[in-house]
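Spelled out from the first residue to the last, the chains are:
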Amino acid sequence: MSEYVLETQNLGISFGGLKAVQGLDLKIKKNQIYGMVGPNGAGKTTVFNMLTGVYHPTTGKVFLCGEDITGKSQETINHKGIARTFQNIRLFNNMTVVRNVMVGLHNQKEYNSGFITSVLRLPKHFRVEKQMREKAKEILRIFDLEAERNNLSCNLPYGKQRKLEIARALATNPKLLLLDEPAAGMNPNETAELMETIRLIRDKFDITVLLIEHDMKFVSGLCDEVTVLNFGTVLAKGKTADALNDPEVIKAYIGG
Amino acid sequence: MIKQLKNVKWKHFVNYIVVGAALIVFAILRLVGEDVPRSTQFLLQNISIAMILAVSLNLVVGFLGELSLGHAGFMCVGAYLGGKIASLLEATLGNGPLTLLLSLVVGGLCAAVCGVIIGLPALRLKGDYLAIVTLAFGEIVKVIFQNAAPKVFGGTLGLPTPKYSRHELYIYGFALVLITLFVIQNLMRSRHGRAITAIRDNEIAARATGINITKYKLMAFTISAFFAGIAGVLFSYTQSSVQAVKFGYNYSIEILVMVVLGGMGNITGSLISATLITYLNTVLATKLEGDSAVLKDMVYAIILITIIIYRNAPGLKGFREKYNFKNLISKIHTKHHDPAYVKDDEAAWDRVPTKIHMDEILSVDVSVDVSKSTLTPDKPSKED
Chain A
38 MSEYVLETQN LGISFGGLKA VQGLDLKIKK NQIYGMVGPN GAGKTTVFNM
88 LTGVYHPTTG KVFLCGEDIT GKSQETINHK GIARTFQNIR LFNNMTVVRN
138 VMVGLHNQKE YNSGFITSVL RLPKHFRVEK QMREKAKEIL RIFDLEAERN
188 NLSCNLPYGK QRKLEIARAL ATNPKLLLLD EPAAGMNPNE TAELMETIRL
238 IRDKFDITVL LIEHDMKFVS GLCDEVTVLN FGTVLAKGKT ADALNDPEVI
288 KAYIGG
Chain B
412 MIKQLKNVKW KHFVNYIVVG AALIVFAILR LVGEDVPRST QFLLQNISIA
462 MILAVSLNLV VGFLGELSLG HAGFMCVGAY LGGKIASLLE ATLGNGPLTL
512 LLSLVVGGLC AAVCGVIIGL PALRLKGDYL AIVTLAFGEI VKVIFQNAAP
562 KVFGGTLGLP TPKYSRHELY IYGFALVLIT LFVIQNLMRS RHGRAITAIR
612 DNEIAARATG INITKYKLMA FTISAFFAGI AGVLFSYTQS SVQAVKFGYN
662 YSIEILVMVV LGGMGNITGS LISATLITYL NTVLATKLEG DSAVLKDMVY
712 AIILITIIIY RNAPGLKGFR EKYNFKNLIS KIHTKHHDPA YVKDDEAAWD
762 RVPTKIHMDE ILSVDVSVDV SKSTLTPDKP SKED
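Protein chains in written order, with the working numbering: chain A, 38 to 293; chain B, 412 to 795.
Honestly, the hints are just simulated from the structure, not real lab data. Remember, predicted model here, so these are calculated numbers, not experimental data. Each hint should be verified, as a subset may be incorrect.
[Said to hold, decoys possible] Which stretches of chain A does chain B cover? Using the computed rule of at least three CB atoms under 8 Å from a CB of chain B, they are:
(1) 238-248
(2) 283-291
[Said to hold, decoys possible] Below, a list of computed lysine to aspartate or glutamate pairs in the EDC-like style, where the Cα atoms sit at most 20 Å apart:
(3) B/626 x A/112
(4) A/274 x A/40
(5) A/197 x B/700
The beta-carbon is built from N, C-alpha and C at its ideal position, and this holds for glycine as well.
This is chain A alone, in the form it adopts within the complex (with noise of 0.2 Å):
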């Protein structure tokens, strides 16, 4: 068992003759919250989308708790225990809220009903379709979503759905939790209960956050440590406070 949770080795991306991204060194210990931040286009959401098996990178390796799922597909990927959301919200917009959750407890092996189970509907399957529901319901009542379990996920506010998303996320029951931009577009009230909430996640679900996030005030009040990305390179790492406080980082937010 490898010290770091997430371990990246050199890892980068290039689209034809684009760069997107080069020589990242990642290294996440178990249960920290780390930031990504850096301008539009640095690529933040590409290292997500590599991390993820979206895209196969070029060069680098990534290691999850040591084991290497470099080039794994993104099913692969999520059972071995890397949960994400997006940056422009992807629920199931057709299903209810329940089931949206329901859906992130799909692959977990003890809520497994095979294909002839659930046709005939044996007593195995309402078993486990009941210890499903029970599940989801009290992952929901974290993200304080339990009232609104039936309403459509498209008809929920914005915040919430972005909630709904990590909800569901955290239903796969992953070591590493991949948060793209979760405060984008709530109110400094729902922010703050998002930094309470995703600490409080942290602690009863024993995982690692790595978020990208825009808001300054909620990384350096989340994150332990940050990697500033520019351009696809590395800017700045280390505490947060000292990173984002490099006259380098300061000078590509503000330019000049």
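Put chain B on the given structure of chain A with help from the hints.
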């Protein structure tokens, strides 16, 4: 809450009840010896076949969200191979229900195998591309059965099929509709169905949530093909010989029309529109004779267009909502005649002022519990 749950259950059982009731009525009539007229039997056979086809295609088009235009191709496989098996078995097993059952299973399985073979490469494609591939598959199958091995499949003359007593066939047809409903509805109400709907709603998110896309797409496609095969076998029994011409893309589109007309992902709708379209086709084909026969397609098309416009036209929205079947039922159940009563969605909006004057700064009160906030605004940061 409880009312909602009750509605859900009711929705799932209404199909069984209606089809089951029809089945029981037909079976009793048959046992009493009171045969329905030959023409009605023929209509009922066709309706049951159309129902199986529409419900099974709805699994792929409505629930999985992929456009398949080759449903008649799978039906063709079932009709030819099931029909061939039936005529082979006829010599040893006689022409009874056992032969029918075996040929149904064989025909269904053969179509399912074709589903896997086509599905594995084709389901990597999306939208229009998949539609084109399935369309091509349907045409290829048709041509193969028409031309390959004329000694086995009868070539252009068609495959002669066993003459099963047609008096009972429509009863078996409705029994098969019931089985189709049972499998597909139960599948969609299980975790597997949830995965299939998740893929339709957002494939990227489903993948990131760990759903095995290939497995579930293939599952839906194969089951759909299986039931199309079964419908094909049933079809072969209703004919004196199976003609491949029948399974052209026109027929695939007709099945698709049933699904679209009934509503994507709406099984009850598929059953209703399958009945309606088959009935229309049969009635128009028999009633319009001589010169007016050319009007058949036109009348059919006009009716379809009218229904689609009625269902979608924005101008008719108020009318639709007023005379909606669901609303009429809920009006009987709930006694909300209070004019101030507004439905959940509209409620909040009715209280928001909608007239804004020039140069006016309007703010809408949002009640937020400020005490909950842990972030005090504009607090000097630690670095300062």
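- Task: May I ask which of the numbered hints given earlier this structure violates, with the numbers listed in increasing order?
- Result: Violated hints (numbers, rising): 1, 2 and 5; every other hint is consistent with the structure.
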